[in-house]
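These protein sequence lines are chains A and B, in that order.
Going by our numbering, the first sequence opens with residue 1, and the numbers climb by one from there.
Going by our numbering, the second sequence opens with residue 1001, and the numbers climb by one from there.
Misleading hints may appear alongside valid ones.
Capping the alpha-carbon separation at 25 Å, the derived lysine to any residue pairs in SDA-like fashion look like this [to be verified]: (1) Lys49(A) - Thr65(A); (2) Lys108(A) - Gly1016(B); (3) Lys111(A) - Glu76(A); (4) Lys1009(B) - Gly41(A); (5) Lys108(A) - Gly1052(B); (6) Lys60(A) - Pro1105(B); (7) Lys52(A) - Val11(A); (8) Lys111(A) - Gln1037(B).
For the record, the hints were derived by calculation from the structure and aren't laboratory data.
Keep in mind the model is a prediction, meaning the values are calculated, not measured.
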Amino acid sequence: GNSVTQMEGPVTLSEEAFLTINCTYTATGYPSLFWYVQYPGEGLQLLLKATKADDKGSNKGFEATYRKETTSFHLEKGSVQVSDSAVYFCALRGMNYGGSQGNLIFGKGTKLSVKP
Amino acid sequence: DSGVTQTPKHLITATGQRVTLRCSPRSGDLSVYWYQQSLDQGLQFLIQYYNGEERAKGNILERFSAQQFPDLHSELNLSSLELGDSALYFCASSVESGYEQYFGPGTRLTVT
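All chains should be built: construct the whole structure from the sequences, respecting the hints.
Rendered as structure tokens:
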């Protein structure tokens, strides 16, 4: 079945450091891929998405590229801020014969702490 | 603010009890999803409804059930509660399957 694996946290960085959070997936067909962010005490917010191979999603300085050959969707940011401290979830939405499935399948989440 | 509301925000109850969690989707969204977030299992999909009908089922226990009403709000019923049911329960909504999901703030359930 479909699954998502992302790097275990926590990840602690200094402000302005480069961020990479690895995410790989297993899925049949052509899933859509997402990164969600969860700030303390809040629900999940969509950060970025990519719906086909080689698509690059970007938002708020974060980027991720849908790599079908390596089944990966790694999250990157060139210079993190204290306000980026949160839990980041990689997710996929699968495809079936009827079209796009509805539900999301999430990785375990990676907690990022950015120190000033 | 995603536009999805969930009540209550916190719920503390005892083992063996039954609780109901409520979700109101964003205006115009016909599909509602329920997810459970726990420390050991992570974020798991429970069930999806579309315009009042069950659309997809995930890892939902038989002790749990859900429904979506004509006004499109949804309720998740959890019965014969066990300590392991303690978790954050999120509701999300979307216009239709395959469209962006918007998440509510969650209901934190603590079973003692």
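Against the structure, the hints come out as follows:
no.	hint	result
1	Lys49(A) - Thr65(A)	holds (9 Å)
2	Lys108(A) - Gly1016(B)	violated (29 Å)
3	Lys111(A) - Glu76(A)	holds (14 Å)
4	Lys1009(B) - Gly41(A)	holds (11 Å)
5	Lys108(A) - Gly1052(B)	violated (30 Å)
6	Lys60(A) - Pro1105(B)	holds (21 Å)
7	Lys52(A) - Val11(A)	violated (28 Å)
8	Lys111(A) - Gln1037(B)	holds (15 Å)
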